[in-house]
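*Asks:* Single-letter residue listing:
There are 2 protein chains.
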Amino acid sequence: MINKKIIIQVMGLLLLIEGFFLGVSSLVSLFYGQYDFSALITTSLICFSTGTILWFITKNANKNIGKREGYIIVSFVWIIFSLFGALPFVISGAIPSYTDAFFETMSGFTTTGASILNDIEAMPFGLLFWRSLTQWLGGMGIIVLSIAILPMFGIGGMQLFVAEVPGPTPDKLHPRIKETAKRLWGIYMLFTIIEIILLKIGGMNWFDAINHSFTTMATGGYSTKQASVAHFDSPFIDYVIIVFMFIAGTNFTLSYFALHLKFGKVFKNEEFRYYLGFVVIFTLIIATSLWFYGGFNIEKSFRDSLFQVVSIITTTGFATADYLQWMPFTIVMIFALMFFGGSAGSTGGSIKIVRITLLLKNSYQELKRIIHPNAIIPVRINGKSVPPQIISNILAFVVFYMLISIGSSVVIASLGYDIETSLGAVAATLGNIGPGIGRVGPIENYAHIPDFGKWFLSFLMLIGRLELFTVIVLFSPAFWKK
Amino acid sequence: MINKKIIIQVMGLLLLIEGFFLGVSSLVSLFYGQYDFSALITTSLICFSTGTILWFITKNANKNIGKREGYIIVSFVWIIFSLFGALPFVISGAIPSYTDAFFETMSGFTTTGASILNDIEAMPFGLLFWRSLTQWLGGMGIIVLSIAILPMFGIGGMQLFVAEVPGPTPDKLHPRIKETAKRLWGIYMLFTIIEIILLKIGGMNWFDAINHSFTTMATGGYSTKQASVAHFDSPFIDYVIIVFMFIAGTNFTLSYFALHLKFGKVFKNEEFRYYLGFVVIFTLIIATSLWFYGGFNIEKSFRDSLFQVVSIITTTGFATADYLQWMPFTIVMIFALMFFGGSAGSTGGSIKIVRITLLLKNSYQELKRIIHPNAIIPVRINGKSVPPQIISNILAFVVFYMLISIGSSVVIASLGYDIETSLGAVAATLGNIGPGIGRVGPIENYAHIPDFGKWFLSFLMLIGRLELFTVIVLFSPAFWKK
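One line per chain: the protein sequences are A and B, in this order. Take 505 as the starting number for the first sequence in the numbering used here and just add one per residue. Take 505 as the starting number for the second sequence in the numbering used here and just add one per residue.
Same shape as in the complex, but just chain A (with noise of 0.2 Å):
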């Protein structure tokens, strides 16, 4: 028997914390004086009202958690935070329509950035406030879950990094989820305050600095401005993006180190080897193409290079440069990138680094195997042979990546869009990173989609986030069963 009163009990204290954070940005909303404020208010008290009645009428339920309720609160977490999110944007009327809202909330608290707004700019603060909070805290349960929970699970691999984890009592649930999120979220909140103050020198205004670092340290990608971050033309700016979104789409147990001054560990490690090496190399293609054959001086062409591949690969989707308007090869290179994603226990989607690493890995290897049918050739990773199983179970996650991929794409093409947008508008809500390709690229947005697609994308969203079988899992009737 699951248990149905636990599920509900988490679901009402979650609900309580989407209505404390609602409670904020309708500080925000008062601050600026603006017609939002009755909207977030409302729907904050919705939380908060929901939440307490869900609480109370579970009070004397069983406190076990196992497996399966686990699979439960997690895809339903998502879920709910985005069937209340939305209502404020609907309330005060700024997006009328509440498949719209609701696309905009999930692409928010599953850190896509993937948007259905015309005019981001003229949004009311409070709003805007909220729309980018849905993604920092998107960011803080990834962390949680990528770090804590999943690897529980033994979902695609997560295992792997388990031991990463600075956590004194690995065996415990409850203390040990508890101790590695205060840690984490610790680095997380401290990235985010810096990349404010930096972001506020480099000439941003305040609002626009915290907004634009939530987004960046979720790896989200909304932006308080139309023009994404190309707005405030500024290298400065740019620049300081670059590095937090890079530091986000890496491991958090890593950052963690670093901040422990243990270099070592970082620089040891192989998945931070090869997502560094990625972005080298594609940047340094790109930006000598976009140098010899865009007409751009080498900085700049350096800076745009290197700016749209963190953002892609980090799954972030910030953009300073109309991609799309490159040459045709680079185009497909950053295609090709939408299906890296950033490290695993990063704020990262898509297949993930130190999955593609193994991928390559595994690859090589299986040559040398051929040649030696009868050698035993273990992969290793991190100077450790990684047992077959997480192999097979790893290139299981990458070839359901890929069928969920080629199949949703016809879904959309079924719409009456072309192979490119299709394509394009379910690398980028799959992988979590926002504007895809074709008539979903940097400079457009979602807004044409019809209805069902949009309700389709985010689910894409969703199970993208969640990796994949969180969610698949609880439609296989083997889940059900006794």
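Please keep in mind that the hints were generated in silico from the structure rather than gathered at the bench. Check each hint, because a few of them may be wrong.
Note that identical chains are pooled: a pair holds if it fits in a single copy or bridges any two copies.
Said to hold, decoys possible - 25 Å max Cα-Cα, derived PhoX-like pairs, lysine-lysine: (1) 686 <-> 872; (2) 509 <-> 682; (3) 985 <-> 872; (4) 872 <-> 571.
Given the coordinates of chain A, work out where chain B should sit on it, guided by the hints.
*Replies:* Chain B only, in chain A's frame:
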């Protein structure tokens, strides 16, 4: 030490065989009294003399063919055959550029069917016959390779099918290859002859009937007409070719059973059932969309869909309709189909149905494994559980296939092509299909691709045809060690 002499000797022997078939083609030219006779007979003599020289200088070779020699021979056969087989096109002046002629010939021997000819019907009959014959011979080569040789190499899960080959002595190389080849080539020829007769009955002349039967059974797709099979505009011919493409895409050992009236064995075979299932599902979806939105009647919608689906899934590449004019979602479906391929042990290329089947099954089992992490949940095919090592082997193959597809698309895009054309040209050559999407669709061809691109795509045809690892292993330093 690699036994170089035996490799050279085998090449000599194979050149004698190529010389023989070039001689046959020259007779066709003689029969029609056309200008290509001298080019064909000259090349035939070049092959005979080179072959004889190679044979003589290696007379005293050690007859041991190990695994490494096997790999080298297999890759070299296709290269040498194409290098020599391209000559009559150049000597006759019918294809002035050697690059073009090599592309056309490699496309033939690999049963791809990608063409650089802008006016097929202007070609003399001897060369057209040779062009179709390259495919038919390539098909014969592939049957033996995939059923008798590759399983011994342990490439990409092919060992799964070893057990199914009705060969009497599974341990000894020579008698088994010989016996298997004899039986399966007999079936191949029988089907070719039956198809020739049926196409003649359907209204083709003997020349067209023979050529189209050659290229159907090889899943090659070279036509003697610029408009491909659409030229004949005959439902009967369409259906005949559909049936034989489908047969050519079926494991030839199953055809062997079918001809011995053991239909139970055929329909119990899971790969066959999935193959049939994919054809039915894709055809029904596409036919429905053509019927509703394409303005055709039911029969025409059904026939066009079935023809194109079977043509693409079997990697034949004949066309009776320009699928690029269909709705975008059907184009995405056709593009996805390019990665399916025929059955293992057929003449079809690409990833192959059995691998796709195992991928799907393994992904589903992965969900179960997540729910019951300690249970051993094997993947079964044909009632037998597949060892994890083979699953991992197959997953690695698919991942390799995808990595090569994406990397190669970047290369083609760097020649100035758009994303669709780049993806399409790579999928269509690596998968040995022929027509792709974008500017290499069914009514266009590969003539406009720059020379570098033609050599690059020729290489893709080769590695795709030889199950990737057979060729790539030659580039690995480990292969050449000791």
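*Asks:* Give me the numbers of the hints this structure contradicts, sorted from smallest to largest.
*Replies:* Number 1 - this is the single hint that the structure violates.
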